[in-house]
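Go ahead and model the full structure; you've got the sequences and the hints to work with.
Read top to bottom, the protein sequences are chains A and B.
Following the UniProt record's numbering, the numbering of the first sequence begins with 1 at its first residue and continues without gaps.
Following the UniProt record's numbering, the numbering of the second sequence begins with 1 at its first residue and continues without gaps.
Worth flagging that the hints you see were computed from the coordinates, not collected in a lab.
Careful, some of the hints might be misleading.
[What the hints assert, rightly or not] Here are the simulated lysine-lysine pairs, DSS-like style, with alpha carbons at most 30 Å apart:
no.: 1; chain 1: B; residue 1: K327; chain 2: A; residue 2: K13
no.: 2; chain 1: A; residue 1: K158; chain 2: B; residue 2: K569
no.: 3; chain 1: B; residue 1: K330; chain 2: A; residue 2: K13
no.: 4; chain 1: B; residue 1: K76; chain 2: A; residue 2: K158
no.: 5; chain 1: A; residue 1: K115; chain 2: B; residue 2: K669
[Unchecked claim] Footprint (simulated), chain A over chain B, 3 or more residues, beta carbon under 8 Å:
no.: 6; region: 82 to 92
no.: 7; region: 101 to 109
no.: 8; region: 224 to 231
no.: 9; region: 260 to 272
no.: 10; region: 661 to 667
no.: 11; region: 706 to 712
[Stated by the list, open to error] Interface residues of chain A toward chain B, partial, derived using beta-carbon atoms under 8 Å:
no.: 12; residue: K13
no.: 13; residue: I15
no.: 14; residue: G16
no.: 15; residue: K25
no.: 16; residue: V40
no.: 17; residue: I54
Only a predicted model underlies this, so the values are computations on that prediction, with no experimental measurement involved.
All residues carry an ideal CB built from backbone N, CA and C; glycine is no exception.
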Amino acid sequence: MGEQWAFYFDANKCIGCHACTVACKNQNDLDPESATWRRVVQSGQGEFPDYEEISVSISCMHCEDPPCETVCPTGAIEKRDSDGIVTVNRDKCIGCHYCAWSCPYGAPKFDGDNKMQKCHMCLGKGAGEGYGSPAKKHEDDGGEKPACVDTCVGGALKAGPMDELTKEATEDAVNRATKRKGNVIIETGGPTVTFESESD
Amino acid sequence: MSNSTSTTNESDGSRIERRTFLKGSAAAALSAGIGGAGVSQVVQGSTESEAGSDGWVASGTCWDCHQLCGQRVRMKNGTAVELKGVDGHPRGSPGEGREGRLCSKAHAQIEKAYDPHRIKEPYVRKDGELQKASWEEAFQVAADKLATFKDEHGPEKLLMAEGYDTDDMWKHLIMDIYGSPNKVGHKTICHGPWSYTWDWMGGRGRPAPDHKNSEYIISWGRNLLEAFNGQWEPMGILDAIEENDATLVTIDPRYTKTAQHSDEWLPIEPRTDGALALAMANVIIEEGLYDEDFVENYTYGFNELRQQVSDKTPEWAAEITDIDATKIRKVARGFAEAAPNCYATVWTGITNQSNGQKNAQNIHVLNGLVGNLDRPGGLRYWESPVDLADPYEVQGVEFPSNQDGRSQPLSDYEEYPFHHVRGLAHAQFPEAVENGDVAGAFMYWFSPLKNSNTQDWIEALEEMDLLIAIDAYWNGMTRRADVVFPESSQLEKPMLGAGGSGSYSTQGWVTGSKAAIEPQWDTKPGFDILKGLAEAMGYGEYVPWDSKEEKINDALSGMGLTLDELDEKNYVIQGEYGYESWKEDGFDTATGKFEFVLDNVEDYAAAAEQAGISTAPEYVPPEKFGQMPDEEYPLDFTDAFVEQISRGGDQTLDHSRQLLAERWGLDHKDYRGNYLLLNPDDAEPRGIEDGDMVTVESPEGSISLMAHVTEGIKPGYTATTLGWGKGSITPNEEGGNSMMLHNADQIEPISGQVARHIKVEVTKGGDA
Ligand code: SF4
Ligand code: SF4
Ligand code: SF4
Ligand code: SF4
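Below, the structure written as structure tokens:
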């Protein structure tokens, strides 16, 4: 496989503004109901006044060994060889929602046609590129950043080859990422975040 | 899928799929010949993208919260499809060499431009009904009605109210030429207690923070990382934390996004901020931490201040504010030790209080004591050293001053102390209408029903003889108007603005852009509306330009710049100026000094005397002027801001409402209104759980909204966001309008500001 691409997210810098969510929605022309390829989750811990909260911006993690791919009965989901991005062939999707049930991060969304759609890292063309929306970054030309990264107000989001991102991350964050097998490195300064999978 | 987020076209009742809709509007934009000004340039832009240069071809200047962050616009077949920030922009980035970013409201401008909820063409009331009209007809009807009104009532009975204009012609047209002296601005619904007080003390209006050079930041009753004035603010603060190791302190009974990033969150007892400030002053003075040189040479009233705070110890304040005395000492010392690279800044958290004026004064005392005024990392006295020309002067246009000698209808309102300071206040206009002092209104982006005593305002609007409205959305005001002019949204019109505060601490700037897309439907930019109206009123000679572009070019001529050039760059930095302006010029006050005590300010002294408070810093407890919780209504309730919704202007946007729901983790619920934040200590005894519908009741009325139960708010205190429910632009008026719970007496007496803390009871269950 080529270089595995990943996201990097630093909760210490995220101000929970949701700009990443809307930038993603604009870039990919999403309907309001499915505007959450990238969403921002708040997580609180403690009791007043010893209360703490962080905001975490998450999308599809482009997992190492994606459970969504494993359960998909039609083989519509594929982990791309060239960059490790998990893509969806929407022509093959039959809308059974298995992927949604299996994904631990609530990443798969369904549009009016009941076809799965999710973050494609705004990279390249082909299956999973966002059903016809233009590519933000071509793998070979080092072009623009993913829309969410480009607009991140706090400078909390980055995207790039995993090897490069791990150089900038703390050891803790890298260890957590390795353990989780999702291709996202999360620096947390506060409470633990648990993700709930989507139930329709 | 939640049915409440479906997009329904109000006027023709059909459900429009956004993707289909976008395609349709692209075609419409290409074929439309409407809009007048700027069409040729816009069409050229569209043609270019048609010819294959789809991509980042246009620029914009964000006006959603009116702070002018620079935008690049990606076009696809003549339609704007994506936005991004402009690197190095003075309002949209932390400065030179830094990336420009946009907030979620700015990105939502795409949806706003093509929002089917917008008012799509002019309307005129005929036989009691609002009916579609041509622009010519609407202009003529408005002009005739204004003329008749003037004959019957006199121009002084027309109220001029403005939210945030995109062209200043209205002031000349309605005030200078037509002759109405009655204007209500933002000072009695937003920032009055602060603006007046800091102007009286330091003589230069509201000084604003120099974020990037700061080392100690107190965000006092302000949610700086979320309710910001442009992207340079949160980004500058995050920079200061990273690069200067700055300390961030948030004083707020609510755990905000700013609290989230703060070193200290002080969840203060609501409205006791003045006591906390005095205790901090006590520490700073007693421990000799103040700036002796500044205090001795550049301030007035120090001895009186020292006396006033001599017994206001942290222990005294701890009892009142519910904040530990040790913590008060720690913050006071940290703040003073970082001086002058530190600031304490306030906004609506302070101004919304019944005792807001005195609280603002006490807090500003701290800035004076440590001498951070107009110093690096302190509160900057921003200037605008760019040579913009006055376009009216360039064209030799001179306005009469027909409002001179006509007074605001003050005579019967002397019972209000603020009458010494200003004309009428927002909450008192309904009373003025009832008394026959106001009989009509010209409203430009103004939505009174969400800003004070809604029920009184509804009656007042019904009562008025004439209502003319420029707006983009149907709401409780536009629906009652006699003539409605639909203005285009920001991407559809040329923009220009100049600094002021921003990420260039010692340089001036100008920013602007041409229209990225054509006016949608049959709407017009504000300039074109005001020009059309001026012509119909017979005052065409005062508007010598054919388009806003021409007017902007006249303004830019002073800098040797054209709008074409500015549009390409999006911003230009020009002019240098230094810090410590007061060293040479002094402060613009009676003594030329920064004044801790306000006995020299005649208007203030008179108002203070009438209200029974001192001209010196002192603690005015909230119960002196405000409503306090009691047995029947045991909770203190107020409204607040969130990032996803700018005041009242984004509530029709499906994505914005979705994001707000997501923000409170309630997006799985079938509700897209505002949320009531409630501590579990208050929720549990009432049987309320997160996501339950609840009823909020005050002595004046009741509203329903959804509860968000969180540990991030002080027990006994509850808050929501403004601009929802009855009279708002929210589709189906979803959510609750907090101003339905207010009466006209809810005011801060010195400035006339709406006092937004009221007593309520919350019960489980509500409509929806
Ligand atoms: S995050 Fe979910 S959708 Fe994405 S690859 Fe992993 S399992 Fe699949
Ligand atoms: S990479 Fe692109 S598609 Fe993925 S979340 Fe970011 S903006 Fe959305
Ligand atoms: S844009 Fe950046 S700072 Fe804002 S919510 Fe998204 S990740 Fe956080
Ligand atoms: S802060 Fe956001 S809404 Fe306000 S002008 Fe800047 S980009 Fe626009």
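Do the hints match the structure? See the list:
1. K327(B) to K13(A): Answer holds: K327(B) to K13(A) is near 25 Å, not above 30 Å.
2. K158(A) to K569(B): holds, 27 Å
3. K330(B) to K13(A): Judged against 30 Å, a Cα distance of about 25 Å means the pair holds.
4. K76(B) to K158(A): holds, 26 Å
5. K115(A) to K669(B): holds, 22 Å
6. 82 to 92: Satisfied; 4 residues make the cut.
7. 101 to 109: Since 7 is at least three, the answer is holds.
8. 224 to 231: Since three or more residues must qualify, the claim that chain A covers the region 224 to 231 of chain B holds, with 3 doing so at under 8 Å.
9. 260 to 272: Since 4 is at least three, the answer is holds.
10. 661 to 667: holds (count 5)
11. 706 to 712: Since 3 is at least three, the answer is holds.
12. K13: holds, 6 Å
13. I15: OK, holds: I15(A) within 8 Å of chain B, min 5 Å.
14. G16: holds, 5 Å
15. K25: holds, 6 Å
16. V40: holds, 7 Å
17. I54: holds, 7 Å
Violation of the numbered hints given earlier is absent; every hint is satisfied by the structure.
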